[in-house]
Amino acid sequence: MGAFGVKARYVIDEQGRRTIPYASDAAIPAYEWLNRLYREGILDPNFVTNSTSDFRNLFLADRVGMVTYWDAWVGLFNATRLNEDPGTEFRAVGIPGPSGPNGERILRRGDPSVWAIPANASNVEGAKKFLEFWHTEPGIILGSVGVKGHDYIINDDGRLELTPIGREHNLDHGVPRWYNTRVEPPFGYLPGVKEAEAYVNLYASLELSTADWPRAERIVNDYAFRAITGELSAAEAVRRIRDELLRARLIDY
Amino acid sequence: MRRIRKHLELYLMIAPALVYFALFSVYPLIQGFLTSFQEIGLLGNARWVGVENYRQVFTDFAFGQVVINTLWLGFGMVSLGVIVPLIIAVALHEVPFAPLRKLTQTITYTPHLFSWVVVGGIWIQLLSPDGGLVNELVKMAGGSPIHFLANTAWVRPIFILLATWKEMGYMAVIYYAAISSLDPTHFEAATVDGAGRWDKIRHITLPQLVPTTMIVLVLTIVSTLRMFDQVFILRNAATTRVVDVLMTYVYDLGMAQFELGQATAASFVVVVIGLALVTVLRRLMRIDAPSGA
Chain C
0 MGAFGVKARY VIDEQGRRTI PYASDAAIPA YEWLNRLYRE GILDPNFVTN STSDFRNLFL
60 ADRVGMVTYW DAWVGLFNAT RLNEDPGTEF RAVGIPGPSG PNGERILRRG DPSVWAIPAN
120 ASNVEGAKKF LEFWHTEPGI ILGSVGVKGH DYIINDDGRL ELTPIGREHN LDHGVPRWYN
180 TRVEPPFGYL PGVKEAEAYV NLYASLELST ADWPRAERIV NDYAFRAITG ELSAAEAVRR
240 IRDELLRARL IDY
Chain H
0 MRRIRKHLEL YLMIAPALVY FALFSVYPLI QGFLTSFQEI GLLGNARWVG VENYRQVFTD
60 FAFGQVVINT LWLGFGMVSL GVIVPLIIAV ALHEVPFAPL RKLTQTITYT PHLFSWVVVG
120 GIWIQLLSPD GGLVNELVKM AGGSPIHFLA NTAWVRPIFI LLATWKEMGY MAVIYYAAIS
180 SLDPTHFEAA TVDGAGRWDK IRHITLPQLV PTTMIVLVLT IVSTLRMFDQ VFILRNAATT
240 RVVDVLMTYV YDLGMAQFEL GQATAASFVV VVIGLALVTV LRRLMRIDAP SGA
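Just so you know, the sequences run in chain order C and H. Quick note: the first sequence, position 24, residue 23 per numbering that gives the first Met the number 0, numbers continuous. Quick note: the second sequence, position 119, residue 118 per numbering that gives the first Met the number 0, numbers continuous.
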């Protein structure tokens with residue numbers, strides 16, 4: 000979609016009017032292109048029913064050559080295959096995506112992490128303390144490297160060493176991305192992650208979700224998937240998305 | 000009070016069950032009913048909003064669509080879910096070779112034992128347009144692969160067929176038990192009178208299975224209102240619009256969008272529909288009437 004300059008989710012203009020670029024005429028060639036990939040068998044025919052674990056396994060098994068996923072997974076893919084076979088020629092790399100009509104590249108940033116403590120929580124101070132801990136060195140080590148004595152041990156020289164279980168877990172215990180800029184990751188970054196992250200930092204921007212987005216998303220995805228599989232023409236799909244979003248007052252234009 | 004004292008030991012015996020239902024059915028029902036009049040999110044205090052949640056549900060276009068989907072799928076599943084097991088049970092009863100009969104019963108019953116997670120995963124593979132068994136057979140017959148689970152024209156019939164396939168063995172057991180309890184002298188008398196196999200089925204077996212059929216009908220109708228697992232496992236973005244049912248709508252509102260007040264309002268609408276349906280069915284089928292009435 001980025002190749003056609005179409006951004007995901009909502010865009011709100013200076014007058015505060017909402018639109019969804021995936022429902023605009025600019026998205027028509029994108030759906031046509033995806034439909035062509037589907038017809039020619041380049042896009043996995045099972046993409047509609049594949050789960051995230053399905054396409055990860057397909058990629059790891061060399062059954063597909065490209066997937067769209069988080070930058071952190073570049074490292075996880077490489078680490079998984081290297082753990083199985085250190086001599087493997089498998090290499091996952093992040094790519095910046097094609098340029099749009101104005102030369103820009105659009106990558107998805109993903110939803111930002113927001114920590115919220117309810118005002119009526121029974122232990123607000125305890126929750127704050129946890130959040131503070133989570134962003135310290137021991138906190139990120141727990142979330143990334145894992146549990147001491149189980150996923151890693153500390154050698155006599157103070158350096159961390161992964162156990163076989165820790166190697167299998169690929170430094171992912173809920174925190175696959177090392178987000179703490181003040182603490183150096185003890186094992187460095189998984190292969191390919193830094194390069195992929197660099198593209199995200201350069202080209203990715205946040206998507207805007209409003210409270211209405213879940214309802215709008217269902218409408219967009221419904222017709223978009225049918226356009227990709229050829230059940231509807233791209234133009235007809237976009238027309239129906241836009242009409243339905245306008246009728247439901249989920250967009251303003 | 001006198002009656003209670005008179006049968007005190009009986010009431011004490013059912014007391015644990017009553018307490019269980021009070022704690023795990025009645026209390027959550029009352030709590031849910033109260034929640035349906037409040038605006039409750041993931042965080043923050045609840046706010047009383049009266050019938051606003053119900054108004055939003057009834058004016059939500061998506062709710063109307065899921066009602067249509069539930070009726071569509073429900074009608075198909077009830078129709079096939081009553082007829083197919085009956086055919087299987089009657090056919091099984093005619094099989095004289097007991098080991099074959101038992102083997103067939105086991106094979107037809109086995110899918111009922113698996114959860115939809117397993118059954119759904121198997122059928123997603125079988126129906127896959129890329130190497131799935133069904134589409135390979137279609138290609139051998141000269142056709143083009145069909146993405147059954149992504150095509151809005153196919154997905155509803157497929158859902159109905161899969162649900163029937165999964166539950167037909169279980170319902171067939173109910174029918175078979177009823178057939179086995181029929182008085183054999185009727186069949187013997189019919190044989191003496193020269194009735195053939197089909198005559199016996201038509202004039203003896205089927206009429207006497209009417210009460211059992213009513214029960215199967217009620218069970219099937221109630222289960223279609225509660226339909227969730229199959230739809231949740233097998234739906235996808237391309238087909239959600241035509242297969243989402245009442246319970247997945249409630250789930251999406253409550254668990255995905257955290258609109259707990261609206262979700263409980265929707266779930267109570269389902270409860271009311273279910274109650275009304277069962278009441279009407281019981282009246283129409285005169286389930287409570289004495290035999291022969």
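Don't read these hints as lab results, they were simulated from the structure. Some clues are possibly wrong.
Unchecked claim - Computed spacing ranges between beta-carbons, pair by pair: (1) H:Glu135 to C:Arg108: 38 to 44 Å; (2) H:Phe113 to C:Ile94: 39 to 45 Å; (3) H:Phe113 to C:Leu57: 21 to 27 Å; (4) H:Trp71 to C:Ser232: 21 to 27 Å; (5) C:Gly15 to H:Leu112: 27 to 33 Å; (6) H:Gly40 to C:Asn82: 58 to 64 Å; (7) C:Ala234 to H:Gly120: 32 to 38 Å; (8) H:Glu93 to C:Ala234: 24 to 30 Å; (9) C:Pro137 to H:Arg225: 55 to 61 Å; (10) H:Arg282 to C:Ala115: 47 to 53 Å.
Please read these numbers as outputs of a predicted model, since none were measured by experiment. Yeah, the Cβ is synthetic: ideal placement off N, Cα and C, and Gly gets one too.
Each hint tested on the structure:
Look at Glu135 of chain H against Arg108 of chain C: about 42 Å separates their beta carbons, and that is inside 38 to 44 Å. In this structure, Phe113 of chain H and Ile94 of chain C meet the distance hint of 39 to 45 Å, their C-beta atoms being roughly 41 Å apart. Against the hinted window of 21 to 27 Å, the Cβ-Cβ separation of Phe113 of chain H and Leu57 of chain C comes to about 25 Å, which satisfies the hint. A hinted range of 21 to 27 Å holds for the C-beta pair Trp71 of chain H and Ser232 of chain C, which are about 26 Å apart.
The hinted range of 27 to 33 Å is not satisfied by Gly15 of chain C and Leu112 of chain H, whose Cβ atoms lie roughly 56 Å apart. At roughly 42 Å, the beta-carbon separation of Gly40 of chain H and Asn82 of chain C lies outside the given 58 to 64 Å, and the hint is violated. For Ala234 of chain C paired with Gly120 of chain H, a C-beta distance near 36 Å keeps the hint of 32 to 38 Å intact. The hinted window of 24 to 30 Å between Glu93 of chain H and Ala234 of chain C is violated, with their beta carbons roughly 57 Å apart.
Judged by the Cβ atoms, the range 55 to 61 Å given for Pro137 of chain C and Arg225 of chain H is violated: they are separated by roughly 47 Å. Range check, Arg282 of chain H to Ala115 of chain C: about 51 Å between beta-carbon atoms, so the 47 to 53 Å window is met.
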